[in-house]
Amino acid sequence: MANWQEMMPSTRAYLMNKVLYELHHKPDDLAAYKADAEAYLARFGLPQDLADCIRNNDVANMYLTGVNPYLLRAHCIGVRIPEDVSLAALRSLLTHEDYNNG
Amino acid sequence: MAEITGIYTASHTPVMLNFPDRIPAELKDEIFGAYKAMGDDFMSGKPDALIVLSNDHLHNFFLDNFPAYCIGCAESYESPIEHWLHAKRRVFAGDQAFGAYLLQEAYQADFDPSFSMEMVLDHGSLTPLELAGVDPDLPIVPVLINCVQPPMPTMRRSYALGQFLGRAIRAYEGVDRVAILATGGISHDIATPRMGMVNEEFDQTFLTLMEKGDIEGTLRYATDFVHTAGNGCEEIRMWMAAMGAADGAPFRRAYYRAVNDWYTGIGIGRFEV
Ligand SMILES: [Fe+2]
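Top to bottom, those sequences are chains A and B. For the first sequence, the numbering used here begins at 5 and goes up steadily by one. For the second sequence, the numbering used here begins at 32 and goes up steadily by one.
Simulated from the structure, these hints should not be mistaken for lab results. Hints should not be assumed to be uniformly reliable.
[Stated by the list, open to error] Which stretches of chain B does chain A cover? Using the computed rule of at least three CB atoms under 8 Å from a CB of chain A, they are:
| no. | stretch |
| --- | --- |
| 1 | 45 to 52 |
| 2 | 84 to 90 |
| 3 | 175 to 186 |
The beta-carbon is built from N, C-alpha and C at its ideal position, and this holds for glycine as well.
Chain A extracted, bound-state conformation (with noise of 0.2 Å):
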């Protein structure tokens, strides 16, 4: 497999960006959003499934919108999504034939 999934972000990726960037970067965005996440995720007017996949801490979902892995990283810790499960939810992605072969 490769580093990145996009040598330049989609519309789409940029918009999962977003989220999950203000959502930890604006001082009130988690609070709202662990309140209430279906009216927090409306404020950005993202696609049905991108919202979703979100919404239900889909990690392997999140992974394949080419959402920053950084991003990503941050908030699967920051809203405490156990490490062994988004790591077993990226895991179940890697195939055979694309480890390590670029």
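Keeping the supplied structure of chain A fixed, place chain B with the ligand upon it in accordance with the hints.
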């Protein structure tokens, strides 16, 4: 004219602080000991200022405006910016005049970094400084390289930036003794299916090329094989910059271990300037 007292390279990862116990206590102690030994060596050079070559992990910078290179020109730097990082809050002194000097010299030398007069440093700068036990009152100048969001500056350009930094630092009249800490890498994947599968072969080859003093070979290997060693390995741009600043001085590794449960090839070394 400033003397460069030491140029150090070291990995960083928030896992060291957040989930240190995912590895056996003995191994953790060994690694923390290696960082502390680097810090002791570093402080024995009695630097007056420290250049921290690191990267922002999408905390200060976002995709609305992402610099390839950024020089810090603030009077102080709070840290950490991550609300989730298990680290005590600290304020590092900044050497604003030194940062401003490097920025202006960079433009004269045909480099075009951005600058920042207000940054809150993330784990990329904080963890190695913390583990090395570096005095937060030692004034720092952060020099940040985009290693986290393609498109990114090349390995070779980062090496050239380091060459420039070495020259500019040595010509600076404002302080007598300057140390450089370059932090990032080596092999690791962040939030990818390969996370936790360190490419030790890459790391060993990379470190061996550096120890041989094969600058051209190192640049080529870094450029052509970084994709086999994880998105976090893109941070070896800081090692390329350190190699540039070292101006041909020999490199010695002090520590290396592939630590899969910290997801990272932990490497520490220094250029014997
Ligand atoms: Fe990093």
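Each hint, compared with the structure:
{"no.": "1", "hint": "45 to 52", "in the structure": "holds (count 3)"}
{"no.": "2", "hint": "84 to 90", "in the structure": "holds (count 3)"}
{"no.": "3", "hint": "175 to 186", "in the structure": "holds (count 4)"}
This entry satisfies every hint, going by the numbered hints stated previously.
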